[in-house]
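Peer 1: What follows is each chain in one-letter form.
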Amino acid sequence: MSKHHVTTTINGDDVEFLCDPQETLLDVLRDRLGMTGSKEGCGTGDCGACTVNVDGKIVCACLMLGAEAEGRAISTIEGMAQGELLHPLQRKFLEHAALQCGICTPGILVAAKALLEENPDPSETEVRYWLAGNLCRCTGYDKIVRAVMDAAEEMRGRNYAA
Amino acid sequence: MRYEAPTTVEDAVKLLAAEQGMAKVLAGGTDLLVAIRSGRIEPDLVVDLKRIEEMTGIEPEDGGFRIGAAVPSAEMGAHANLVAMWPGVVESAGLIGSTQIQSRATVAGNLCNASPAADSVPALAAARAKASIVGPNGRRDVPVEDVPAGPGKTSLEKGEFVASILLPKQAARGGDAYLRFIPRTEMDIAVVGVGVNLTLDESASISEARVVLGAVGPRVIVAEEAAEALVGTSGDEAAMKAFSEAVSAACAPIDDKRGTREYRIEVAGVLAKRAVAIAMDRAKGR
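Going line by line, the protein sequences match chains Z and C. Offset between the first sequence (1-based) and the numbering used here: plus 47. Offset between the second sequence (1-based) and the numbering used here: plus 970.
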């Protein structure tokens, strides 16, 4: 079985990797590239813990083959903070205690970031529907939704000032 | 398993036709990858359609639209002209899975996965959509409802695949709708699905109707007698009662964990009336 040589962009960096044809993007990220921020929950696209952004759209990395990543632009949780500087969503998740065990958090942050890029002023209903594919067994979702709404408000203010 | 990502339809056909073992087509992968990872299937070849240009776009054709087999549901929802002409079809595709799934899942894949509960199939069939199938013997267009042959089975022959879905032009006073019943508000599989497409005449009575039921039989059911019960009426109470009964009579569901046979039959009749009301409003609004 021959391996695929894939050239792609991850969090703005050019990345090359070799993968087996049946390996998922999640397998590649975690096991070949050491990027373990994206989590495997269900492995069937139900839980959203492996959410990454591919060409501006969020997808479950467990439902995409590594070989499909050729030429795509991928962003993961590892690209969210700028060095020590947390993204407003990350900061608001800490402030609101919007996580407990934390397994779902990377996926939710990546998904919420994509929402706010598309819709800087979402209603609570829009946040809940957008994140319907991200399951959390700890928080009951309320703090997550509040953290996202609060981050959105802060980011809107910042954009206005800039 | 080999993975190939051809850039032309011809190359995809050749790859699939030449494979001696199991060959699978990959569009969004939201069903295929789950099946592969669970070990339910072990394909020898996977042919990814997403690098073939004609499969990645929504193009106007004959007053309607041709939707490439690799177009994800989210792109259908973002296509203003498609939404304006076929809101029911777009909504049916938009009901499938989460935001993440919407970025990948395709209606062609939904059709070829051949689940009796596929949301987009009743809506597409109600709209008289055709599947444009390519294969070693060339291209053929078939009504979408003829593609699923039973749960998990299609009528496609070896080496064939669906290249695009062709939606016709909606009538001047036409409207479509799709409703499904699930026990929660999001992220579930249809207990019953109903696709309706109506045309009204100048006096706002129904001149043409097509009603297609999902999840109440091994394949979608084109409920012709139910549609006939609507034609020539204004959707008045008596007509809707007869219609609802004809819908229930057309159902042939199974009992399973999502609902009993009796429940599905009852719900189908109620849901179909609601879908007709939406389709009529849309037809009047044109």
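Simulated from the structure, these hints should not be mistaken for laboratory data. We put the CB at the ideal spot given by N, CA and C, even for glycine. Some hints here could point you the wrong way.
For lysine-lysine, the following BS3-like pairs were computed, each having C-alpha atoms within a straight-line distance of at most 25 Å [what the hints assert, rightly or not]:
(1) Lys984/C / Lys50/Z
(2) Lys1139/C / Lys50/Z
(3) Lys104/Z / Lys1020/C
(4) Lys1020/C / Lys50/Z
Sample of chain Z residues facing chain C (criterion: CB under 8 Å; computed from the structure) [said to hold, decoys possible]:
(5) Thr54
(6) Asn58
(7) Gly59
(8) Leu65
(9) Leu80
(10) Gly84
(11) Gly88
(12) Gly90
(13) Cys107
(14) Asp197
Derived CB-CB ranges, DEER-like [what the hints assert, rightly or not]:
(15) Glu1012/C / Gln147/Z: 52 to 62 Å
(16) Pro1030/C / Arg205/Z: 38 to 48 Å
(17) Ala1050/C / Glu171/Z: 45 to 55 Å
(18) Asp1014/C / Glu87/Z: 21 to 31 Å
(19) Lys1211/C / Glu201/Z: 47 to 57 Å
(20) Pro1030/C / Leu80/Z: 34 to 44 Å
(21) Glu200/Z / Glu1127/C: 52 to 62 Å
(22) Arg1110/C / Arg138/Z: 54 to 64 Å
(23) Pro1188/C / Gln147/Z: 37 to 47 Å
(24) Thr91/Z / Asp1226/C: 18 to 28 Å
(25) Asp1158/C / Gly187/Z: 13 to 23 Å
(26) Asn1051/C / Thr91/Z: 47 to 57 Å
(27) Glu164/Z / Thr978/C: 28 to 38 Å
Peer 1: Evaluate the given range 18 to 28 Å for the C-beta pair formed by Thr91/Z and Asp1226/C.
Peer 2: For Asp1226/C against Thr91/Z, whose Cβ atoms are near 19 Å apart, the range 18 to 28 Å holds.
Peer 1: Does Asn58/Z pass the interface hint, meaning its C-beta sits closer than 8 Å to a C-beta of chain C?
Peer 2: violated, 18 Å
Peer 1: Min Cβ distance, Leu80/Z to chain C: is it shorter than 8 Å?
Peer 2: Nearest chain C Cβ about 19 Å off; hint violated.
Peer 1: That 54 to 64 Å hint for Arg1110/C and Arg138/Z (C-beta), does it hold up?
Peer 2: The hinted range 54 to 64 Å holds for Arg1110/C and Arg138/Z, with Cβ atoms some 57 Å apart.
Peer 1: Given a cut of 8 Å on the nearest C-beta pair, is the interface hint for Asp197/Z held or broken against chain C?
Peer 2: violated, 21 Å
Peer 1: Report holds or violated for the interface hint on Cys107/Z, using the least CB-CB distance to chain C and a cut-off of 8 Å.
Peer 2: Holds, because the Cβ-Cβ distance from Cys107/Z to chain C comes to roughly 5 Å (cut-off 8 Å).
Peer 1: If you check the beta carbons of Glu164/Z and Thr978/C, does the distance land in 28 to 38 Å?
Peer 2: This hint holds: roughly 34 Å between Cβ atoms.
Peer 1: I want to verify a distance hint. Is the separation of the beta carbons of Lys1211/C and Glu201/Z within 47 to 57 Å?
Peer 2: Holds, since Lys1211/C and Glu201/Z (Cβ atoms, about 55 Å apart) stay within the stated range.
Peer 1: Under 8 Å, Cβ to Cβ, is where Gly59/Z needs to be relative to chain C, so tell me if that hint holds or is violated.
Peer 2: Check failed: Cβ of Gly59/Z comes no nearer than 20 Å to chain C, outside 8 Å.
Peer 1: Take the C-alpha atoms of Lys984/C and Lys50/Z, compute the straight-line distance between them, and say whether it is at most 25 Å.
Peer 2: holds, 22 Å
Peer 1: Verify the interface restraint on Gly84/Z: the C-beta must sit less than 8 Å from at least one C-beta of chain C.
Peer 2: Since the shortest Cβ distance to chain C is 16 Å, the answer is violated.
Peer 1: Cβ-Cβ distance between Ala1050/C and Glu171/Z: within 45 to 55 Å?
Peer 2: violated, 26 Å
The structure is inconsistent with the numbered hints 2, 5, 6, 7, 8, 9, 10, 11, 14, 15, 17 and 26, although it conforms to all the rest.
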